[in-house]
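Chains C and A, in that order, are what the protein sequence lines are. If you count the first sequence from 1, position 79 lands on 83 in the numbering used here, and the numbers rise without skipping. If you count the second sequence from 1, position 346 lands on 350 in the numbering used here, and the numbers rise without skipping.
No lab work stands behind these hints, which were simulated from the structure alone. One should not assume that every hint holds.
[To be verified] Label-pair distances were calculated between CB atoms; the ranges are:
# : chain 1 : residue 1 : chain 2 : residue 2 : range
1 : A       : 11        : C       : 386       : 16 to 26 Å
2 : A       : 353       : C       : 335       : 21 to 31 Å
3 : A       : 81        : C       : 264       : 35 to 45 Å
[To be verified] Far from chain C, by Cβ distances over 10 Å, these chain A residues were calculated:
#  : residue
4  : 6
5  : 90
6  : 114
7  : 173
8  : 185
9  : 221
10 : 222
11 : 227
12 : 268
13 : 280
Glycine included, each C-beta is placed from N, C-alpha and C at the ideal position.
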Amino acid sequence: MAGFLSSVRRRLNLNQPTAGDGDPVVEALRAALDPSRVRYDGAERTLLSHDASIFDGGVAGPVCYPLTTAEVQSVMRIAEKHTRNIVPRGAGTGLAGGAIPLGAPIVVAVTRMNNIIEVDVDNRIAWVEPGVVNLDLTRHLMPLGFHFAPDPSSQQVCTIGGNVANNSGGPHCLAYGVTNAHVLAIEVVLPSGEVAMLGGLDAEPAGLDLRGVFIGSEGTLGIATKVAVRITPNAPAVKTMLLSFDTVRNAAHTVSAIIAAGIVPAALEVMDQRITQAVETYVGAGYPTDAGAVLLAEVDGLAESIEIDANRIAEIGREQGAIEVRFAADETERALLWKGRKTAFGAVAQIAPDYYLHDTVVPRSRLADVLDEVSAIAERHDLIVMNVFHAGDGNLHPLLVFDKREPGVIERVHAAGDEILTASLNAGGVLSGEHGVGVEKQKFMDLFFTDDDLAHQNRLRQAFDPGCRTNPGKVIPSGHSCADIAALKRVPREVWA
Amino acid sequence: MDLKLDADDLNTCVQCGLCLPHCPTFRVTGDETMSPRGRIQLMREVQDNDAPVTSEVVDAFATCVQCRGCEPACPSNVPFGHLMEQTRETLVDNGHMTPKWQQLALKPLAHPKLLKAGTAALAVANKSGLLPKRLGLPDELPVRQKPLVASGDDVWLFTGCVMDAWQREVHAATKRVLEAAGFGVQPTNDLAPCCGALQSHAGMGNDARNLAAKAISALADAPVLVNSAGCGAAMKDYGHMLGTDSAAAFSKRVFDISEFLAEHVDSLPAVEPLDLRVAVQDPCHLRHVQRVHTATRTVLEPFVRELVELDDDGLCCGAGGAYSVLQPELAGQIRDRKVGAIERATPDVVASANPGCSMHLAQAGVETVHPMTLVDRALNG
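Can you build the whole structure from these sequences, using the hints too?
Written out as structure tokens, the structure reads:
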């Protein structure tokens with residue numbers, strides 16, 4: 005009978021969420037947004053304690069799904085009035101824990117703000133809402149002869165808002181530049197609830213580049229509600245090739261030699277044997293599973309010029325010991341090769357159910373040495389490491405794969421991760437290529453920045469967010485960060501009411 | 005609660021999120037609880053961390069269309085469909101979902117006489133305007149009709165339950181097409197009354213397994229051809245469902261009608277193609293589960309002027325068997341996306357090889373026919 009009544013209730017639409025009734029913040033949010041778009045139940049709050057990283061974030065507070073800038077403003081004002089933290093969230097594909105909730109914050113999920121507002125082909129600009137999926141934008145632009153250039157591996161899922169927050173890269177950013185190069189203006193709701201327009205559509209907007217400050221700020225400065233992105237004309241011709249090598253070292257040397265020869269390919273991606281085997285099982289693209297490493301290279305531009313570049317790349321590859329050079333015969337084969345590359349991370353469950361994906365950048369000339377060091381570190385900690393990376397810009401993505409049910413393995417994974425990062429920094433590298441700092445690399449900020457640097461970063465952040473309530477506990481280490489510690493005093497609450 | 009999920013199956017998910025855009029309910033809600041990744045995490049919370057089965061947790065599972073669009077998108081090959089079916093079965097057994105009256109509503113599917121009587125009653129009620137529109141019933145339900153008669157025993161034509169009661173003309177068309185290709189056709193009629201898919205989706209595992217066993221023992225030797233994508237997918241899964249060698253051998257004999265005809269398309273007579281621009285709407289269980297959707301194009305191509313693809317990556321239409329009746333609001337929002345994709349393709353007609361999809365789309369005013377109906381029309385006028 006109870007089941008029957010609940011179905012009747014649902015049919016009659018009486019099933020509005022009720023968890024959180026009596027909580028002043030939840031009630032204020034439900035009054036400001038449609039009640040169905042504010043959730044406070046255990047299921048929702050537990051799920052939103054994760055993103056795609058291995059970091060746990062405690063538990064989310066109320067979860068809101070605003071539809072408009074005005075609704076985001078209301079949420080911000082309610083948070084300010086009740087001194088609650090805010091965590092913006094897109095598709096939750098981040099790998100550095102940037103979207104996990106610390107201190108029971110109000111989570112603002114922008115997934116429903118997913119309209120492509122306007123495409124201006126003449127000026128090569130598109131205005132989009134932050135929840136638009138990266139690949140959806142490109143698919144929308146394709147028939148017009150354009151695309152959005154940053155193409156992270158998660159592009160079929162991740163949102164433009166997330167790309168802006170993390171200054172995302174992708175295989176094709178070698179030639180085209182990362183997100184920062186493709187965003188002209190951002191409408192931002194500040195923690196005070198005010199709206200600010202950062203940047204502008206003019207070629208050289210006057211004043212300080214606050215747009216540039218916001219891009220890559222990982223949700224610590226406010227919430228983007230509209231983004232003007234640059235749209236890129238599709239290349240007239242594309243050539244994709246696959247070079248196989250006996251060793252990762254040879255593949256890495258080839259990458260350095262290609263760049264040294266003055267060629268800037270659209271993409272240069274290396275995958276080691278374990279990765280190749282995992283993705284081949286999934287896509288069946290014809291990746292050579294017996295090769296020690298493969299280099300996926302792509303050139304685009306005018307047909308005549310890419311012909312020359314492609315041949316030159318093949319030649320350099322052979323000089324560096326390539327055992328096979330293969331050109332994608334058609335668009336289908338090309339798409340399959342890329343599908344393999346872009347699903348590589350997800351495919352690792354074939355080997356172990358958990359992974360910790362790293363993201364560091366080293367000078368190209370040191371690639372081979374650092375890779376050797378990475379495999380030695382993994383061996384020392386008795387872990388499997390797989391390598392897939394944006395070789396062209398020296399952006400390493402070693403994946404440590406493991407089964408977290410094995411006692412003690414998490415500690416080994418974190419220890420190995422720390423050593424990998426230290427090795428990269430010692431080789432003259434930087435902390436993060438494109439995944440951001442989040443909670444993952446906070447403790448390494450001290451190694452890379454001086455106290456002065458961090459104090460300035462903190463002051464800049466406070467200019468936007470004086471109370472340190474937006475995405476507290478991320479990026480800037482707590483020793484340098486204003487009120488983060490106070491903001492993070494956890495509000496203990498029963499999740500599964 | 006022990007959901008009785010295989011721990012290794014549950015652990016294949018690495019939470020990367022690549023499934024999210026391929027999930028129709030996540031697409032329309034943007035809500036993690038309505039995504040495959042979220043649902044798997046909730047299975048873990050319930051099974052491994054003993055989280056309570058609240059109404060929100062049940063809702064997260066009940067709102068899944070079971071289209072399985074997440075499966076081909078998953079680089080780690082998480083068997084999501086099986087996880088969801090098992091989850092629902094455990095929840096039904098424990099009284100958490102599919103209340104008794106809903107279970108009762110599915111019972112007639114296994115009883116042809118009851119179903120026919122019910123259909124006649126529905127037809128009369130529908131004609132007199134007594135039934136609400138959102139039930140999604142076809143306007144012209146048959147009050148009385150003759151069963152199909154065998155023309156040989158080269159192949160079985162699986163006629164099933166609702167489709168035989170409500171869309172028998174599609175079976176008749178399919179039979180004529182097979183005969184034109186030179187096959188003697190034996191309709192299964194009451195021998196195997198229902199494939200058990202809807203029961204399995206609703207978590208009524210025992211009913212589903214009984215129907216599977218019945219079909220396996222009744223339909224010997226010849227290939228079993230199925231023109232409903234949902235039924236075909238279910239019957240191809242009998243091997244897994246029953247875990248016996250005979251079930252696995254039976255499943256190997258099951259073919260979607262287009263999958264079978266694609267191999268014999270040269271045996272069909274050459275005729276003047278229909279002057280139609282046809283959009284192919286792949287039923288999820290043809291594309292994501294059976295993964296034989298390209299055959300539909302091979303078979304249709306010689307018989308229509310033009311085939312056109314939808315630009316939505318095979319995202320579900322929201323029909324999902326009984327889903328459109330149980331979750332009308334979500335099913336409607338999901339359908340709106342599909343209708344948008346169809347409008348962009350500007351077809352004269354939409355071809356879809358599943359009765360659920362065609363009824364659901366017809367309700368939104370989209371003219372949807374079975375591919376076999378089109379081929380039959382081209383062959384026989």
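- Any hints from earlier that this structure breaks? Give me their numbers in increasing order, please. No hint contradicted; all consistent.
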